[in-house]
Amino acid sequence: MDFIIAAVVEAVKHLYQTDITADAINLQETRKEFEGQVTIVTFPFTKFSRKSPEQTGAEIGEYLKANLPEVAAFNVIKGFLNISIADSYWLNQLYTEILPDTFAVAKPNGKKVMVEYSSPNTNKPLHLGHVRNNLLGFSVAQILDAAGYEVIKANLVNDRGIHICKSMLAWQLFGNGETPESTGEKGDHLVGKYYVIFDKEYKKEIEFLKFEGQTDEEAKKNAPLIKQAQEMLLKWEAGDEEVINLWKTMNTWVYDGFGKTYNALGVAFDQFYYESNTYLLGKDIVEEGLAKGVFFTKEDGSVWIDLTADGLDEKLVRRSDGTSVYMTQDLGTAQLKYDDYKMNESIYVVGNEQDYHFKVLFLILQKLGKTWAQGLYHLSYGMVDLPSGKMKSREGTVVDADDLINEMEQTAKEQTEALGKVDGFSEEDKQHLYHTIGMGALKYFLLKVDPKKRLLFDPNESVDFQGHTGPFIQYTHARIKSVMSRAGVDYADKIDIQELSAVERDLIVILTQFPAIINDAAKEYSPAVIANYIYELAKIYNKFYHEKSILQAEDESLKKFRLQLSAASAKVISKGMGLLGIEVPERM
RNA sequence: GGUCCCAUAGCUCAGCUGGAUAGAGCAACUGAUUUCUAAUCAGUAGGUCUCAGGUUCGAAUCCUGAUGGGAUCACCA
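Numbering (the numbering used here) for the first sequence: 1 to 588.
Simulated from the structure, these hints should not be mistaken for lab results. Cβ coordinates follow ideal geometry from the N, Cα and C atoms, glycine included. Keep in mind that the hints are not guaranteed to be accurate.
Ranges of calculated distance between the beta carbons of each label pair, as one might list FRET restraints [stated by the list, open to error]:
id	residue 1	residue 2	range
1	249	307	40 to 48 Å
2	307	48	20 to 28 Å
3	47	95	22 to 30 Å
4	181	403	16 to 24 Å
5	102	199	50 to 58 Å
Subject to a maximum C-alpha distance of 30 Å in a straight line, what follows is the list of computed DSS-like cross-link-like pairs (lysine-lysine) [as the list claims (entries may be wrong)]:
id	residue 1	residue 2
6	367	315
7	260	220
8	248	367
9	221	367
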């Protein structure tokens with residue numbers, strides 16, 4: 001619609017002898033209740049015209065109509081100039097933009113971006129919070145790719161530390177040599193089970209010590225189990241063979257389990273980083289910071305940065321005993337990633353509980369003079385809460401990812417069977433369909449809301465399959481495909497249509513917006529933008545489907561035209577859902 | 001207590017850099033299937049956009065303050 005804006009600039013110049021810039025023009029979609037497709041707000045021009053908003057609108061409208069063949073008509077209501085664009089323009093859009101294979105395929109923009117997401121701990125299975133993270137990260141990566149970026153999907157696995165030692169120790173003490181093979185249990189769940197056992201036994205010890213007269217704090221510190229876990233961590237760091245072997249074995253179990261969950265979620269990675277390899281990084285950055293005078297040393301030898309001038313606090317970057325803290329590692333890992341890929345942007349998909357950490361991390365890197373630090377971005381998303389409040393793994397109030405996936409498939413199965421829609425499906429096709437629909441419902445549910453906002457999930461209320469949902473959109477797609485497969489004619493050629501009905505025009509109008517929507521979503525790192533757009537599109541298509549007969553159209557060329565419109569809609573739905581990581585079925 | 005985030009229909013959410021009578025879905029009610037898939041469509045009802053000021057021709061949107069909710073402020077990660 002840039003040509004409209006340019007013409008308005010011309011109009012204002014011609015009518016009122018005033019030069020305005022394109023961004024001073026407020027162009028918006030015309031509201032449904034009025035005639036037209038685009039609307040210009042004319043209030044701002046009254047300063048130059050020194051006439052009423054109505055008159056100003058009328059004058060600009062006349063000018064546009066006289067000078068632009070695409071402008072078919074206009075009407076003015078108060079300060080709003082509603083413009084009707086000629087059907088020939090929309091038809092041209094359909095044939096030259098939307099239908100060609102190049103539609104919404106961005107030219108590479110020459111920029112490289114890394115999206116780090118998932119980043120699990122290897123001591124317990126994934127839960128709903130991780131699911132949101134994974135779906136968000138994967139979708140944002142798809143969207144950036146579609147917007148022309150070269151994307152590297154990275155996963156920084158937290159595979160070391162005291163929490164893993166807890167699982168290892170509990171397994172050693174209470175595991176009786178259990179393995180995923182011997183129990184048939186998924187590896188990550190087996191390891192998670194021992195993490196819970198550790199916690200239970202540890203609590204018992206604390207109670208006992210308190211009974212003996214120790215304070216809560218003392219008991220927590222003196223319990224034999226925690227001491228053993230700490231010893232184990234020291235042994236791990238010293239490279240003790242037995243501990244390392246156990247660690248490797250149990251991590252293998254976990255990766256095997258995660259792999260299955262990632263697979264079911266449909267997410268993937270190009271690069272894995274492991275904290276066991278990166279936890280010692282960042283020490284040279286500490287030295288660099290000291291040399292540059294960005295960091296300072298306290299009497300006890302600990303190293304800090306003073307950020308009080310920036311409204312933040314003093315932050316520790318190296319312990320007094322010389323070891324790393326979280327921040328040290330992250331500084332080092334940021335450098336490592338940049339050295340590996342020299343990307344223009346780097347996105348961290350991490351929950352908003354770490355807002356402060358990333359604020360500090362990025363600020364430190366800037367103060368160290370890392371020019372690439374400007375490209376760092378914390379994609380901070382809201383927590384997933386239950387009606388009972390926050391999920392807590394230790395208290396068992398978590399929604400397990402694998403359980404959830406299974407439940408979604410089960411619900412999809414029940415719904416589908418209740419509707420009797422799987423005649424002629426093989427058993428394998430059925431399973432695949434249930435997975436597609438179940439995951440479609442779940443993914444759409446999680447991705448349609450703004451990432452920044454916290455999300456409420458009620459495990460007792462099943463995710464909807466009707467209305468503003470994934471299955472609604474999937475159903476729309478399946479319906480289109482069904483019509484297309486019954487077409488019985490070749491409809492590849494351009495059809496000469498004189499006039500569009502309102503729904504047909506609306507459909508083309510919304511289809512033309514797709515590339516701009518992808519750019520918006522990329523700019524905001526928001527799959528929700530795509531999700532809401534595709535929903536609007538599906539709604540308009542369903543209205544069209546209901547109002548207009550496709551295969552029984554009045555004449556052959558109209559039938560072909562409507563098939564083309566359908567094909568274009570299916571393409572955009574499929575592609576848009578693909579950006580969300582959601583598959584669309586051919587039949588359902 | 002300091003800092004940051006959030007508040008829109010009974011519920012879950014849209015609402016673009018300020019623009020028309022604030023929109024969807026769910027739940028409730030009414031209607032549509034001899035016709036391309038009714039997981040659909042059409043309609044009814046549901047709102048002091050938390051509150052109070054301010055800026056503006058115009059505020060759900062921007063500013064200030066208040067209230068309520070959440071996060072964070074470890075030599076944890």
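Among the hints numbered above, which are violated by the structure, and what are their numbers in rising order? Violated hints: 2, 3, 7, 8 and 9; rest satisfied.
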